[in-house]
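**Q** Construct all of the structure, not just a fragment, from the sequences and the given hints.
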Amino acid sequence: MSRLLIVVDRAKDWAPFYPSEDVLTFDQYLQLATPASRRVRVINLCQSARYLSRGYYCSLLAEARGHNVVPSVTTLNDLSRKGLFSLELEELDSGVIDWLEATGAAMKPGDDERDATHQLRVRTYFGQTEHPALKPVARVLFDRFPCPVLEVVFRRRKSWQIESMKPASPADLSDSEQDAFASALDRFSSIVWRKPRSRRQYRFDLAMLVNPDEQLPPSDKAALTCFVKAGKKLGINVEQISRRDYMRLPEYDGLFIRETTAIDHHTYRFARKAEAEGMVVIDDPVSILRCTNKVYLADLLKNNKIPTPKTLILSKDQKDSVEQVVEHLGFPAVVKIPDGAFSRGVIRAEDEQGLRQALKTLFKQSALVLAQEYFYTDYDWRIGVLGGRAIFACKYYMVKDHWQIYQHGDNQQVDSGGFETLPTYEVPKNVIQAALNATRLIGNGLYGVDIKQAGNRVAVIEVNDNPNVDEGVEDGFLGGELYTLVMQEFLSRMEEKRR
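Going letter by letter, the sequence shown gives residues 165 to 663 in my numbering.
Distance windows between CB atoms, simulated:
id, residue 1, residue 2, range
1, HIS429, GLY399, 25 to 35 Å
2, LYS396, GLU514, 51 to 61 Å
3, LYS396, TYR460, 35 to 45 Å
4, ARG553, SER244, 50 to 60 Å
5, LEU196, LYS176, 17 to 27 Å
Below are the BS3-like pairs computed for lysine-lysine, each with C-alpha atoms no more than 30 Å apart in a straight line:
id, residue 1, residue 2
6, LYS437, LYS299
7, LYS397, LYS437
8, LYS661, LYS437
9, LYS393, LYS437
10, LYS330, LYS437
Rather than coming from a laboratory, the hints here were simulated on the basis of the structure. Every residue gets a Cβ at the ideal spot worked out from N, C-alpha and C, and that includes glycine.
**A** This is how it looks when you write it as structure tokens:
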């Protein structure tokens, strides 16, 4: 169980806010002794962040004690000099500049364009702001410079730019700003507002990253609820979080990603940060890296003699791509981009003309493309593997009159074939063994291995780092026990981390 501490200069600095035993003065924090095994999150609200001030020492001591602190010493140092934070600002997305321009569009320079400048001073609270048009900017700045209260000055010369940034204290805020700060703190870490006597004690806290707006998420809402209930029975407080909760990760003991992963994506950043914080992570960043790129996976499986369909890796600059496919694979042939998911970015070429068109289309998205023999079966096996053992097995049937499990139509409509869930002991041994052999090359997380079988021949199609676990599908045989198995794995790993 993690602990949240809020550090202020003096007790009266917290007077406008809800009383809490989690609020300490700097002197109290200085004398604080916490068990080394306990995770502690510190929000530093001391008034001064200058070098060698109380605020600076608060963050410095927190890091020395292994506490996760906001703001960190690195952030305080970066904000102390414009030359330092300007390096980060140069890398801000062009969209941020567009937002600044849109926000300042109504602010017209004076009559004398040569001398006139306009200035806008804004305070942000944990990445939130009272200025609706600047909310995207506030979130980006908080990701780069995590600071409870950040005062930002925007200045327009030829265009809007960030002139200065510095930490601020709740003691500097007006009544209305204090309300905005309290609301942002509530969203950032609501645990501080709970009365201690009403808290239920859990052994561990587990963050489950989800995206409510995702069209094809790895788990539906019913399955997410099942994970929460399974965790509760084992003494794990499972809390659903979103991409906006990035800075809250250190409050938890583990991270369970239930959102489709990708490398150039916030899911990978979440996994990296969680691992750096010493948390138990599924999907871990190495698994995401190895599974989400089919080029890497194809080469890995081939070099380790895992059975797969005949596969070619084609380069955009390769002159004989078409000839290689014709010679080694024949038609029909399947071509796919390396990072597609749910049957996206996969084309079946029936002849040479179709192949040339498919490659032309896919090479616009990637410098490398995979080509594979067309190995048709009525269904694909999906073997769920957790911690090196098979925990569920499904047959995913092709969409009627289609050659894939998913068929993407117009208006973002997606059709899927039927399924059949079986106990793992009814699955052919060579299918299970192929799944286990493939996942050993990836790691010891939760994986879904897609395998085609025709007679005695099996071929691993891909390994998914965050497989579907939907209510009524993958849990069709084990029921609630499937969710318990996953939560039990987290429990065992978190206990091991604590020891």
